[in-house]
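Peer 1: Guided by the hints, dock chain B onto chain A, whose structure is given.
Chain by chain, the residues run as shown.
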Amino acid sequence: GDSVTQTEGQVALSEEDFLTIHCNYSASGYPTLFWYVQYPGEGPQLLFRASRDKEKGSSRGFEATYDKGTTSFHLRKASVQESDSAVYYCALSEGQQGTGSKLSFGKGAKLTVSP
Amino acid sequence: GGIITQTPKFLIGQEGQKLTLKCQQNFNHDTMYWYRQDSGKGLRLIYYSITENDLQKGDLSEGYDASREKKSSFSLTVTSAQKNEMAVFLCASSMRWGPKNTLYFGAGTRLSVL
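Sequence order for the protein chains is A and B.
Position 92 (the first sequence) corresponds to 92 in the working numbering; numbering is contiguous.
Position in the second sequence (from 1) plus 1000 gives the number in the working numbering.
Keep in mind that the hints were calculated from the coordinates and are not lab data.
The structure displayed is predicted, hence computed values, not measured ones.
Where is the CB? At the ideal position from N, CA and C, for every residue including glycine.
Among these hints, one or two may not hold up.
[As the list claims (entries may be wrong)] Short, incomplete list of chain B residues facing chain A, as computed with Cβ under 8 Å:
hint, residue
1, 1040
2, 1041
3, 1042
4, 1045
5, 1058
6, 1060
7, 1099
8, 1100
9, 1102
10, 1103
11, 1105
12, 1106
13, 1107
14, 1108
15, 1111
[Unchecked claim] Within a straight-line C-alpha distance of at most 16 Å, the following computed EDC-like cross-link-like pairs (lysine to aspartate or glutamate) qualify:
hint, chain 1, residue 1, chain 2, residue 2
16, A, 107, A, 2
17, B, 1041, A, 8
18, B, 1100, A, 94
19, B, 1100, A, 55
Here chain B stands alone, though its shape is the one from the complex:
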């Protein structure tokens, strides 16, 4: 088995601040993802990385940057936090890129912006 560790668990920021969320996986999976979870809106893909040296924009990439530092780690940066923003950011990984692959998720980072 393996685990996905997201840090921090809770993140409180100020409007306009740049905030970085980190994700580590020990599955030795090729592909990693960042999703945003909002109540009543489901999960929306922000960025994904098919292999270690790849980076792809998802449907919700505006306002975010991402970096795949190595195979096991994938970070997400909120470039300018929006006032009163509240969301959960979920990191996930899958063995490889493909339509039938299972995604394994971390427990999430909960963001609040004052």
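Chain A with its partners taken away, still in its complex shape:
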């Protein structure tokens, strides 16, 4: 079945550090890939999505590029801030509009940024 693998469970950085959170997926066809972010005490919210090979999603300084060759959608940010501390989930959804499919989430990466 479809699955998402996030290797980092915890990420600890200082402000202005470069961030990479890895996401690899296993799916047939062309799934839609997502990054969701969950701040303390809140539910997850969409950061951005991508649905085609080489498509870049971006929001709030975060970005990720859909790479079908390496089956990856790694999250990156050039300079993190303390306010970016949150849990980041990679997710995928297969299928066509109208048929639909379930969203599969990775295990999440907890980012802690120190001032």
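Peer 2: Structure of chain B alone, referenced to chain A:
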């Protein structure tokens, strides 16, 4: 904009007890979901409802029942709470059922079983 309201925010139960969690959305979305969130395990789908009169089992449905009372509300029942169980239950909705739809989540119900 809209909001998803989950009640209660905190739920403490006894082993073997039947517990009900409620979710309301005012987005006028067709599709609603219940996810379970465990530390280190991500989000796992329990039940979903594509439209008002639909109910579908997710990957983690055993031990749970769900009910879509009307378009705006979706409840989840833990049929027999397990001792020492601790988890967060997240309700979500999306405009419709489809692979590119954004899910909007509530803040969650935190369950502890004594």
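Peer 1: Hint by hint, note whether the structure agrees.
Peer 2: Do the hints match the structure? See the list:
1. Checking residue 1040 of chain B against chain A: minimum C-beta separation of about 6 Å stays under 8 Å; hint holds.
2. Taking 8 Å as the C-beta cut-off, the interface hint given for residue 1041 of chain B holds, the closest approach to chain A being about 6 Å.
3. Against a cut-off of 8 Å between C-beta atoms, the interface hint on residue 1042 of chain B holds, since the closest Cβ of chain A lies about 4 Å away.
4. Evaluation of the residue 1045 of chain B hint against chain A yields a held restraint, the C-beta minimum of about 6 Å falling below 8 Å.
5. Because the smallest distance between the Cβ of residue 1058 of chain B and any Cβ of chain A comes to about 7 Å, under 8 Å, the interface hint for this residue holds.
6. Residue-level restraint check for residue 1060 of chain B is violated (minimum Cβ-Cβ distance to chain A is 11 Å; threshold 8 Å).
7. Here the hint on residue 1099 of chain B is kept, as its CB sits about 4 Å from the closest CB of chain A, short of 8 Å.
8. Proximity of residue 1100 of chain B to chain A holds as hinted, the smallest CB-CB distance being about 5 Å (cut-off 8 Å).
9. Annotation: residue 1102 of chain B was flagged as interfacial toward chain A, and the flag holds, the nearest CB pair being 5 Å apart, inside 8 Å.
10. Annotation: residue 1103 of chain B was flagged as interfacial toward chain A, and the flag holds, the nearest CB pair being 6 Å apart, inside 8 Å.
11. Checking residue 1105 of chain B against chain A by beta carbon gives a least distance of about 3 Å; that is within 8 Å, so the hint holds.
12. Restraint check, residue 1106 of chain B versus chain A: the minimum CB separation of about 5 Å is within 8 Å; hint holds.
13. With a cut of 8 Å, the hint placing residue 1107 of chain B at the interface with chain A holds, because the nearest CB-to-CB distance is about 5 Å.
14. This hint holds: residue 1108 of chain B has a C-beta 6 Å from the nearest C-beta of chain A, less than the 8 Å allowed.
15. Evaluation of the residue 1111 of chain B hint against chain A yields a violated restraint, the C-beta minimum of about 15 Å exceeding 8 Å.
16. A C-alpha spacing of about 14 Å is found between residue 107 of chain A and residue 2 of chain A, which places the hinted pair at or below 16 Å, so the restraint holds.
17. Taken as a hint, the residue 1041 of chain B and residue 8 of chain A pair is honoured in the structure, with Cα atoms around 12 Å apart against an allowance of 16 Å.
18. Taking the CA atoms of residue 1100 of chain B and residue 94 of chain A, the gap is about 9 Å. The hint holds against a cut of 16 Å.
19. For the given pair, residue 1100 of chain B sits about 14 Å from residue 55 of chain A by alpha-carbon distance, which is consistent with the 16 Å threshold.
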